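Undergrad: Okay, here's what each chain looks like letter by letter:
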Amino acid sequence: MTEPIKAVALISGGLDSMLAAKVVMNQGVHVEGINFFTGFCVEGHTHAIRSRKGGAPKRNNALWVAEQLGIKLHIIDVIEEYKKVLLKPKHGYGQHLNPCLDCKIFMVKKALAWGFMAEHGFDFIITGEVIGQRPKSQRKATMPVIAKESGADDRLLRPLCAQNLPPTLPEREGWVDRDALFGFQGRNRKPQIELAQRLGFTEWAQPAGGCCFLTDAQYSRKLTDLWQAQGRKDYELDDIMLLKVGRHIRPAPHFKLIVSREEGENRYLEGYRRRFLNLRPISHAGPLCLVDGDPQPADVELAARVVARYSQGREAAAVTVAAEDPNGGCRELSVPPLAPAEIPSAWHV
Amino acid sequence: MSDPVETLDARGLLCPMPVIKAQDRIAGLRPGMVLDVLATDPGTLADVPAWCRVHGHEVLETAQADHEIRIRIKVH
Numbered sequence: 076m077t078e079p080i081k082a083v084a085l086i087s088g089g090l091d092s093m094l095a096a097k098v099v100m101n102q103g104v105h106v107e108g109i110n111f112f113t114g115f116c117v118e119g120h121t122h123a124i125r126s127r128k129g130g131a132p133k134r135n136n137a138l139w140v141a142e143q144l145g146i147k148l149h150i151i152d153v154i155e156e157y158k159k160v161l162l163k164p165k166h167g168y169g170q171h172l173n174p175c176l177d178c179k180i181f182m183v184k185k186a187l188a189w190g191f192m193a194e195h196g197f198d199f200i201i202t203g204e205v206i207g208q209r210p211k212s213q214r215k216a217t218m219p220v221i222a223k224e225s226g227a228d229d230r231l232l233r234p235l236c237a238q239n240l241p242p243t244l245p246e247r248e249g250w251v252d253r254d255a256l257f258g259f260q261g262r263n264r265k266p267q268i269e270l271a272q273r274l275g276f277t278e279w280a281q282p283a284g285g286c287c288f289l290t291d292a293q294y295s296r297k298l299t300d301l302w303q304a305q306g307r308k309d310y311e312l313d314d315i316m317l318l319k320v321g322r323h324i325r326p327a328p329h330f331k332l333i334v335s336r337e338e339g340e341n342r343y344l345e346g347y348r349r350r351f352l353n354l355r356p357i358s359h360a361g362p363l364c365l366v367d368g369d370p371q372p373a374d375v376e377l378a379a380r381v382v383a384r385y386s387q388g389r390e391a392a393a394v395t396v397a398a399e400d401p402n403g404g405c406r407e408l409s410v411p412p413l414a415p416a417e418i419p420s421a422w423h424v
Numbered sequence: 439m440s441d442p443v444e445t446l447d448a449r450g451l452l453c454p455m456p457v458i459k460a461q462d463r464i465a466g467l468r469p470g471m472v473l474d475v476l477a478t479d480p481g482t483l484a485d486v487p488a489w490c491r492v493h494g495h496e497v498l499e500t501a502q503a504d505h506e507i508r509i510r511i512k513v514h
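Heads up: the protein sequence lines correspond to chains A and B, in order. Numbered according to this note's numbering, the first sequence terminates at residue 424, and the numbering increases by one at each position without gaps. Numbered according to this note's numbering, the second sequence terminates at residue 514, and the numbering increases by one at each position without gaps.
Excised from the complex, chain A in its bound form (with noise of 0.2 Å):
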């Protein structure tokens, strides 16, 4: 008996993926998900930063599209190697430190180095990519760009628009049929509305300003003034998650405040706590604090007023701060809140 035809699909949770995944399934080849995890994803890591009352389903966007294929999902963690697309991007940043074609190119090359392992035995590897899509990543002149510096040459399937490109190795080999393939391009989602519909799928995630945080304007100025703070351009995980969530306050080059704006956020910001000097008020109820950086006596009390501000108690002539060093330390400072314009917009990061 000979072995099924076998395919690892880029899952990222969206529509486009999971359109061209389904549409090679539907040639009755053996499909398989896989999806990476930068550290700079929309998904998973807002679970908990929710709120509990905010509603929104707690899903991965990418382990439920698997679901509704009915294939299996692989999620690789690629931090680390990740930072060598993010600070030096061979061709560069989007619009903001979105380095998109980069990061494709990557994440195929690490697809097709794990689907082609021996133990793991595909054949050929498929994205949702749609030529015209996106402006720096998804066009007519990146897409054999994508194919040669990955290493994946005409083993890189693009179902939705195939038929834009040249043949490729499972379409020579009748591994799939080209005519039941597409040949959708632009930004325009209509077409790919009407094939979910077709292919009997009634729900799909959109995520609103796509599914990493590089492309989102405010993240970027939060990542830019971390590698400014700290006079290099690097970071660990924890700085990045950080930079999702809070109010982000730098008054002064060698201290940051980091104060949450609802009871997700304090839950999540909890998980840092001791890592940190740490402020809350604790005569009012009001936001968790964390002081990143070099504080010096003077700047803890301006810390306490800021987090004052933010407080129930913003009103008040005075409010009482609870201060707690990483070692366990602990004081109690009593302070007037600042007014909103002591908090000059360029404290704001």
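If you're looking for bench data, these hints aren't it; they were derived computationally from the structure. Hints are not guaranteed to be accurate.
In silico BS3-like cross-links for lysine-lysine, where the CA-CA straight-line distance does not exceed 25 Å [claimed, not checked]: (1) K512(B) x K158(A); (2) K159(A) x K211(A); (3) K184(A) x K512(B); (4) K184(A) x K165(A); (5) K163(A) x K215(A); (6) K459(B) x K319(A); (7) K223(A) x K81(A); (8) K184(A) x K215(A); (9) K163(A) x K147(A); (10) K459(B) x K147(A); (11) K185(A) x K459(B); (12) K147(A) x K512(B); (13) K459(B) x K159(A).
Label-pair restraints from in silico Cβ distances [said to hold, decoys possible]: (14) G196(A) x G450(B): 32 to 40 Å; (15) R510(B) x A416(A): 53 to 61 Å; (16) R491(B) x E311(A): 27 to 35 Å.
Keep in mind that this is a model prediction, so the values were computed, not measured. No residue lacks a Cβ here, since even glycine has one placed at the ideal position from N, Cα and C.
Let chain A serve as the given structure and place chain B on it in line with the hints.
TA: Below, chain B without anything else, positioned relative to chain A:
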């Protein structure tokens, strides 16, 4: 004799890291073995069972006390 129970401590990790750690641990376990995943991220309650469903493993039990979660998985 009951199946041996392994434990994975994923407390303090945020999703999807507990899923990735469970996936990597289960790759080294034999069918029939049982893995307890300990976690603190509430997302684990959705994600680990979803991962188990797509890979054909069985969630025997989920328990949550205070902020700690335990998910017991039977490897298939």
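Undergrad: Does each hint fit the structure? Answer for all of them.
TA: Here's how the hints hold up against the structure:
Of the supplied pair hints, the one linking K512(B) and K158(A) is violated, its CA atoms being roughly 35 Å apart against a limit of 25 Å. Between K159(A) and K211(A) the alpha-carbon distance is near 19 Å, which keeps this suggested pair within the 25 Å criterion. Distance restraint check for K184(A) and K512(B): the Cα-Cα separation of roughly 33 Å exceeds the 25 Å cut-off, and the hinted pair is therefore not satisfied. The hinted pair formed by K184(A) and K165(A) meets the criterion: a straight-line CA distance of about 15 Å does not exceed 25 Å.
Our distance criterion of 25 Å between C-alpha atoms is met by K163(A) and K215(A), whose separation comes to about 24 Å. Using a Cα cut-off of 25 Å, the hinted pair K459(B) and K319(A) holds, with the two alpha carbons roughly 22 Å apart. Straight-line distance between C-alpha atoms of K223(A) and K81(A) comes to about 21 Å, which keeps the hinted pair within the 25 Å bound. Simply put, K184(A) and K215(A) have alpha-carbon atoms about 19 Å apart, close enough for the 25 Å limit, and the pair holds.
At roughly 33 Å between alpha-carbon atoms, K163(A) and K147(A) are farther apart than 25 Å, so this suggested pair is violated. Our distance criterion of 25 Å between C-alpha atoms is met by K459(B) and K147(A), whose separation comes to about 16 Å. Distance check on the hinted pair: K185(A) and K459(B) sit about 19 Å apart at the alpha-carbon level, within 25 Å; holds. With a C-alpha separation of about 17 Å, the suggested pair K147(A) and K512(B) falls inside the 25 Å cut-off, and the hint holds.
A hinted pair counts as satisfied when its Cα atoms are at most 25 Å apart, and K459(B) with K159(A) qualifies at roughly 23 Å. Taking the beta carbon of each, G196(A) and G450(B) are about 36 Å apart, inside 32 to 40 Å as hinted. Taking 53 to 61 Å as the suggested C-beta distance range, the pair R510(B) and A416(A) conforms, at roughly 55 Å. Checked against the hint of 27 to 35 Å, the pair R491(B) and E311(A) passes, with Cβ atoms roughly 33 Å apart.
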